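Make a model of the complete structure from these sequences and hints.
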Amino acid sequence: EDKVVQSPLSLVVHEGDTVTLNCSYEVTNFRSLLWYKQEKKAPTFLFMLTSSGIEKKSGRLSSILDKKELFSILNITATQTGDSAIYLCAPASSGAQKLVFGQGTRLTINP
Amino acid sequence: NAGVTQTPKFQVLKTGQSMTLQCAQDMNHEYMSWYRQDPGMGLRLIHYSVGAGITDQGEVPNGYNVSRSTTEDFPLRLLSAAPSQTSVYFCASSYSFGEGREQFFGPGTRLTVL
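Protein sequences, first through last, are from chains P and X.
Under this note's numbering, the first residue of the first sequence carries the number 1, and numbering increases by one thereafter.
Under this note's numbering, the first residue of the second sequence carries the number 1, and numbering increases by one thereafter.
I should point out that these hints are in silico values taken from the structure, not numbers from a laboratory.
Only a predicted model underlies this, so the values are computations on that prediction, with no experimental measurement involved.
Among these hints, one or two may not hold up.
As the list claims (entries may be wrong) - In silico EDC-like links for lysine to aspartate or glutamate, alpha-carbon gap of 20 Å or less:
hint, chain 1, residue 1, chain 2, residue 2
1, P, Lys37, P, Glu1
2, P, Lys68, P, Glu26
3, P, Lys56, X, Glu102
4, P, Lys41, X, Glu102
5, P, Lys41, X, Asp56
6, P, Lys37, P, Asp83
7, P, Lys57, P, Asp17
8, X, Lys9, P, Glu39
9, P, Lys3, X, Glu59
10, P, Lys56, P, Asp83
11, P, Lys57, X, Glu102
12, P, Lys67, P, Glu55
13, P, Lys3, X, Asp38
14, P, Lys37, X, Asp38
15, P, Lys68, P, Asp2
16, P, Lys40, P, Asp2
17, P, Lys56, P, Asp66
18, P, Lys37, X, Glu102
19, P, Lys67, P, Glu1
20, X, Lys9, X, Glu72
21, P, Lys40, X, Asp38
22, P, Lys57, P, Asp83
23, P, Lys67, P, Asp17
24, X, Lys9, X, Glu59
25, P, Lys37, P, Glu69
26, P, Lys3, P, Glu69
27, P, Lys68, P, Glu55
28, P, Lys37, P, Glu55
29, P, Lys56, P, Glu69
30, X, Lys9, X, Asp26
Now the structure itself:
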């Protein structure tokens, strides 16, 4: 059975801190891993990772995938209150043609 | 482009009623899917479609039906609503699935079953 575990489930930090969000997975026929940010409504896309060890960056956010150890991390540096959201990771299973979502990490940035 | 649209935004049903949640996309995407999101449980796949006329079940399909008669539309039908179906429903689409493409999400429908 496909399994995705995100940790921590909830995190509260002060503005300016750096945070690391974790995602471990077990999916059949792994194809890629996607990260999404969800504020009040629909998830919005952050990154898609397909290769191990290659960091993807977008501003203060970065992410990396380890296909041998089956995990990914999402880093956010110099956090801002606008980073408060639920962060979802979702490995894609090409055989089953689906994304398998983790429970999400609820990140709260206090000013 | 409107992207992925969903109607209605909110709905309240009584147990046993049926209804259809509408989803449409104008990006000519082949792949469409329905998820439900419950507190603390992330997004769970209900049904998906890899093209017009082709649908398949996700991890929580019971109590839901889908059809895909056109590329643009992918309605989700609740046959006989139950309180356990109270949730937020998201429709998503992507160009294809084979390369693990990004899925674009609609704004969601918040459904309450009394």
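Right, here's what the structure says about each hint:
Simply put, P:Lys37 and P:Glu1 have alpha-carbon atoms about 25 Å apart, too far for the 20 Å limit, and the pair is violated. A hinted pair counts as satisfied when its Cα atoms are at most 20 Å apart, and P:Lys68 with P:Glu26 qualifies at roughly 11 Å. Our distance criterion of 20 Å between C-alpha atoms is met by P:Lys56 and X:Glu102, whose separation comes to about 15 Å. As the CA atoms of P:Lys41 and X:Glu102 are separated by approximately 17 Å, the hinted pair is consistent with the 20 Å bound.
In summary, the hint linking P:Lys41 to X:Asp56 is not supported, as the alpha carbons are separated by about 26 Å, beyond the 20 Å threshold. Proposed proximity of P:Lys37 and P:Asp83 is supported: the alpha carbons are some 9 Å apart, at most 20 Å. Of the pairs offered as hints, the one joining P:Lys57 and P:Asp17 holds, with about 18 Å between alpha carbons and a cut-off of 20 Å not exceeded. As the CA atoms of X:Lys9 and P:Glu39 are separated by approximately 17 Å, the hinted pair is consistent with the 20 Å bound.
For the given pair, P:Lys3 sits about 12 Å from X:Glu59 by alpha-carbon distance, which is consistent with the 20 Å threshold. About 18 Å separates the Cα atoms of P:Lys56 and P:Asp83, which keeps this hinted pair within 20 Å; it holds. The suggested pairing of P:Lys57 with X:Glu102 holds, with an alpha-carbon distance near 16 Å, which does not exceed 20 Å. Distance restraint check for P:Lys67 and P:Glu55: the Cα-Cα separation of roughly 13 Å lies within the 20 Å cut-off, and the hinted pair is therefore satisfied.
The suggested pairing of P:Lys3 with X:Asp38 holds, with an alpha-carbon distance near 17 Å, which does not exceed 20 Å. For the given pair, P:Lys37 sits about 16 Å from X:Asp38 by alpha-carbon distance, which is consistent with the 20 Å threshold. A hinted pair counts as satisfied when its Cα atoms are at most 20 Å apart, and P:Lys68 with P:Asp2 qualifies at roughly 16 Å. Distance hint between P:Lys40 and P:Asp2 is unfulfilled; the C-alpha atoms sit about 27 Å from each other, more than 20 Å.
At most 20 Å may separate the alpha-carbon atoms for a hinted pair to count; P:Lys56 and P:Asp66 meet this at roughly 13 Å. For the given pair, P:Lys37 sits about 13 Å from X:Glu102 by alpha-carbon distance, which is consistent with the 20 Å threshold. With a C-alpha separation of about 18 Å, the suggested pair P:Lys67 and P:Glu1 falls inside the 20 Å cut-off, and the hint holds. As the CA atoms of X:Lys9 and X:Glu72 are separated by approximately 19 Å, the hinted pair is consistent with the 20 Å bound.
Taking the CA atoms of P:Lys40 and X:Asp38, the gap is about 14 Å. The hint holds against a cut of 20 Å. Restraint check for P:Lys57 and P:Asp83: the C-alpha separation of about 15 Å stays at or below 20 Å, so the hint holds. Distance check on the hinted pair: P:Lys67 and P:Asp17 sit about 28 Å apart at the alpha-carbon level, beyond 20 Å; violated. Taking the CA atoms of X:Lys9 and X:Glu59, the gap is near 24 Å; set against the 20 Å cutoff, the hint is violated.
Proposed proximity of P:Lys37 and P:Glu69 is contradicted: the alpha carbons are some 24 Å apart, above 20 Å. Pair hint P:Lys3 plus P:Glu69 holds up; C-alpha atoms about 14 Å apart against a cutoff of 20 Å. For the proposed pair P:Lys68 and P:Glu55, the alpha carbon gap of about 15 Å is at most 20 Å, so the pair holds. A C-alpha spacing of about 18 Å is found between P:Lys37 and P:Glu55, which places the hinted pair at or below 20 Å, so the restraint holds.
Taking the CA atoms of P:Lys56 and P:Glu69, the gap is near 18 Å; set against the 20 Å cutoff, the hint holds. A threshold of 20 Å between alpha carbons decides the hint, and for X:Lys9 with X:Asp26 the separation of about 19 Å falls inside it, so the pair holds.
The structure shown violates the earlier hints numbered 1, 5, 16, 23, 24, 25.
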